[in-house]
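A.B. asks: Respectively, the protein sequence lines represent chains U and V.
FYI, the numbering for the first sequence is 1 to 285, going by the numbering used here.
FYI, the numbering for the second sequence is 1 to 249, going by the numbering used here.
Careful, some of the hints might be misleading.
[Claimed, not checked] Below 25 angstroms or equal to it, Euclidean Cα-Cα: the simulated DSS-like pairs (lysine-lysine) are: (1) V/Lys242 / U/Lys43; (2) U/Lys186 / U/Lys264; (3) V/Lys182 / V/Lys95; (4) V/Lys85 / U/Lys44.
If you are wondering where the hints come from, they were derived from the structure by calculation, not from laboratory data.
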Amino acid sequence: MNKNVGIGFRKDFAEEFLSSDILDPAFVELAPENWMGIGGYWKKIIKQLSEKHSITSHGLSLSIGSPEPLDWDFLINVKAFIKEYDIQIYSEHLSFSKCDNAHLYDLLPIPFREDTIKHVANRIKEVQDFLEMKIAIENVSYYTPVAAEMSELEFINTIINEADCNLLLDVNNVFVNAFNHQYNAKEFIKGLPLDKVSYIHMAGHEQVEPDLIIDTHGEDIIPPVFDLFDYTTQRVQPVPVLLERDFNIPALHHMQSEINELEKIANNHWNKKHATSKRYISTAV
Amino acid sequence: MQLQKDTYRQQSDLAKYCRTNILDDTLKVRHDRVHHYRRLVYNVVNDSLISAYPLLNNLLSETEWASLVNDFFATHSCQSTQVWKMPGEFYNYIKSTDLSLKSDYPHLTDLIYFEWIEVEMFMMEDIEYPLFKTEGDWENDQIAVNPEHKILQLNFPVHFKNSKSITKEDKGEYFLLVYREKETGKVQFTDISAMYGLLIENIVNGLTLHEILLALKSTSKFENTDQVVAQIIPFFNALQKKGFLPGFI
Numbered sequence: 001m002n003k004n005v006g007i008g009f010r011k012d013f014a015e016e017f018l019s020s021d022i023l024d025p026a027f028v029e030l031a032p033e034n035w036m037g038i039g040g041y042w043k044k045i046i047k048q049l050s051e052k053h054s055i056t057s058h059g060l061s062l063s064i065g066s067p068e069p070l071d072w073d074f075l076i077n078v079k080a081f082i083k084e085y086d087i088q089i090y091s092e093h094l095s096f097s098k099c100d101n102a103h104l105y106d107l108l109p110i111p112f113r114e115d116t117i118k119h120v121a122n123r124i125k126e127v128q129d130f131l132e133m134k135i136a137i138e139n140v141s142y143y144t145p146v147a148a149e150m151s152e153l154e155f156i157n158t159i160i161n162e163a164d165c166n167l168l169l170d171v172n173n174v175f176v177n178a179f180n181h182q183y184n185a186k187e188f189i190k191g192l193p194l195d196k197v198s199y200i201h202m203a204g205h206e207q208v209e210p211d212l213i214i215d216t217h218g219e220d221i222i223p224p225v226f227d228l229f230d231y232t233t234q235r236v237q238p239v240p241v242l243l244e245r246d247f248n249i250p251a252l253h254h255m256q257s258e259i260n261e262l263e264k265i266a267n268n269h270w271n272k273k274h275a276t277s278k279r280y281i282s283t284a285v
Numbered sequence: 001m002q003l004q005k006d007t008y009r010q011q012s013d014l015a016k017y018c019r020t021n022i023l024d025d026t027l028k029v030r031h032d033r034v035h036h037y038r039r040l041v042y043n044v045v046n047d048s049l050i051s052a053y054p055l056l057n058n059l060l061s062e063t064e065w066a067s068l069v070n071d072f073f074a075t076h077s078c079q080s081t082q083v084w085k086m087p088g089e090f091y092n093y094i095k096s097t098d099l100s101l102k103s104d105y106p107h108l109t110d111l112i113y114f115e116w117i118e119v120e121m122f123m124m125e126d127i128e129y130p131l132f133k134t135e136g137d138w139e140n141d142q143i144a145v146n147p148e149h150k151i152l153q154l155n156f157p158v159h160f161k162n163s164k165s166i167t168k169e170d171k172g173e174y175f176l177l178v179y180r181e182k183e184t185g186k187v188q189f190t191d192i193s194a195m196y197g198l199l200i201e202n203i204v205n206g207l208t209l210h211e212i213l214l215a216l217k218s219t220s221k222f223e224n225t226d227q228v229v230a231q232i233i234p235f236f237n238a239l240q241k242k243g244f245l246p247g248f249i
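Pulled out of the complex, with its shape left as it was, chain V reads as follows (with noise of 0.2 angstroms):
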């Protein structure tokens, strides 16, 4: 760095003054004018997040949400070049900060998680599919699964519940099977079973539905397979006309 030391201490007073709205009198600056500065800055920031986390920003009151907003600008150095990945971090600020606000909120994380998932499926660089035809035996096939997609646990039915109902009562475990159409790059949501979680994570893990059920079975998890198969392949359905499950391989 070829710069003075002041000339750094300008520029870093400048970026201070913008994140944290101090002014520090020896900035060199119009003081009647630097203010559009911050005000600029923050725009960016708060329009941004309020963009990203919709469900979130109804949630808090505006005095919660503009502290949030704040102390986050002011404490987090935003590392993301690119201003739609920022509210990423914003997550992960909140999900590793202890703040007041969760004891208020116990669903904060949770409903958090939920709303950058969304920004960060429709987002995300394509990831190739399998090859994959469509006919074939659900039981005995390895299965074709859409790459662009997550499950979910949450601790609160933030995705089915008004978040200001939510309240302690309603912890419990829930999972959301969450995927990127192909076609259209909306990001759908279902709401599944714990049971339908793991099935889809063994399924993504190259195992046929049979070679599943054979390892529940020899855990006693379930005796009556037929009956099980009976109840999933329903449910396959359903996801291959959705694109989730788009054949086999």
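For reference, chain U alone in the conformation it holds in the complex (with noise of 0.2 angstroms):
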């Protein structure tokens, strides 16, 4: 069977993880933000981690969707992460979270129009240029559209067309927008840019009103969810599946039990295609 899971790194496991064979991802992915410019103890483990498993990175901080200009002394430092660890897959969020100068340390819905399409398909070419590699845009959850003036297909469609980057479909995020905004999840996926897709997360979430949903990634991954799953998977090509497990952290085995069933999934309709977790993660611009 190929695997084709990663696991999202947490403070939480570390040692249980790095110290056992009880978890057996394809990958590894790592925030940035949270290991880069580091030393000590966490250094060490992030060395280890990188010896024995390959890394992907997903980030925080980017805020692309950010009215004011790219944090470039960041990003300096993100393409120095990405090297120090040979780390092939960078992506980021549909969002912002720094407006006026500030951070905010979560990531806030971007107004689905045609001048943040235009604004944020820039800033992803200029950041793609300077990374010298695709980028990864993920689809994000959101609880309430601002101030839109289109839908969030062809928000998202746009961007990824006009920046040319890739799309990291999150399949749970589509199945929370569809629950919070009222509409139909594979009609929703059958719509994007499906040739786009270089990476995928799934995650649990908590229903905390009759109809809302937030995507805490503190829950197991729902049975609609992994249905979900394997309606994408037999609409992409193969590629990296993370599993995202971020709050209220399971044993190890719970959450392998949870990489295994994702990797059935997938290598129903993946086996065919002979998919390792790193072919598919290098694409030079």
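Dock the two chains into a complex; use the hints.
C.D. replies: Structure (structure tokens):
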């Protein structure tokens, strides 16, 4: 069976993960912001991790949707981090987390508008040029649209096409948004530029109101999201798949069983294509 | 920037709302749901600060803590892209802001400094050690020092006395040696006298113990340097065992 599914690395399970074989991911994903420019204990852990596993990276602070200029000092550090750990994937969120020169440390929705499309697409191009690699942009979960003038689907499609970047398809986010904004998740996925999907994220969520789900990454993946993943894998090329578990972290063998479930689904559709975790992730501009 | 004024305004108002909890009616969002963004953003900031400052959080009442965090996040523009560094901005905010809490808790700034240093030193980038040998003469050889250290001068004994029982009467001069262990990465604190603080600073500057004592003798601070050496050597031996003075250059 090919290995496609990685795990988002968390300090909570670092020691047990590195000292045992309970969790056996295809790769490990790091948020550069949490690990760059550090030393001491955690630097040693990351070094050990990178000696044992392929690393992908998923950023939090680029704030690609910010109204203000890109943070070049930050990007210099990201580029160095990518080089240091031989990282082939750098992805970020289609959102903003900084405005009026202040970081907010969470992902806010960008207005679905023509002017933000131009603005964001240009910024993605600048980042890709600087990093000398294509980046993957993630469809984010959102709880309210902000001053929207078009659909989310049109917004994502146009940005991915104009920026000529890859799409990180977060299947759970599609499920969450479809529930919160009452659309059909499968139709939505069918409408995305699926040939641009280079990475998939899978996670759990929490329903907090009768008509609202929050994307917590703190619960197990539920069966309808596994179904949506099954639907997705039939329509995209084999790509790395990530299990995200950021809160309420269960025992490692429990997360491995979720990885196994994802592998089983992925291999049902992808095994004839001989996917490997590293084969699809290197895409120089 | 290619954004229209209104688009920028919408983003700015949403960000402002997340920072201040004040919602502008012109923000075109679902007003029954937007509060989740304020909650999520605030929780990240609050949780990071509680994690970095457990002693301060324990010292303040819930209302005092919430008010402090709210004011910080609403008025200070966080600059760090790395969330673990944001509590360092909180420390600088408290240090440089005129807060009534400082009258109620005169040791507030010292306490938050003490707590921040531990986070900062635990996380900071590695500093290369000098080349050293393990055998040598404490008095006449140049001594190698763990470069990952700081000497703190505090006005209140926040490092050994319960913060809730510290009063104005505790005000004084306290020195603390803080260093990161090379092998474990743990941050260690050692209470030291002012003289030992001065001694370590001079050793870091490359002077031998003999040279330091000669300089002190010339200022008439010490008459009997042999007696001083006899006190210092056991202290140095202990610091060598702890890895702070790993050897000799």
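A.B. asks: Now tell me if each hint is right for this structure.
C.D. replies: Hints, verified against the model:
1. V/Lys242 / U/Lys43: The hint holds at about 21 angstroms.
2. U/Lys186 / U/Lys264: Holds. U/Lys186 to U/Lys264 sits at ~20 angstroms (cutoff 25 angstroms).
3. V/Lys182 / V/Lys95: Not satisfied, since the Cα-Cα distance of roughly 30 angstroms exceeds 25 angstroms.
4. V/Lys85 / U/Lys44: Holds: V/Lys85 and U/Lys44 sit about 19 angstroms apart, inside 25 angstroms.
In this structure, the one hint that does not hold is number 3.
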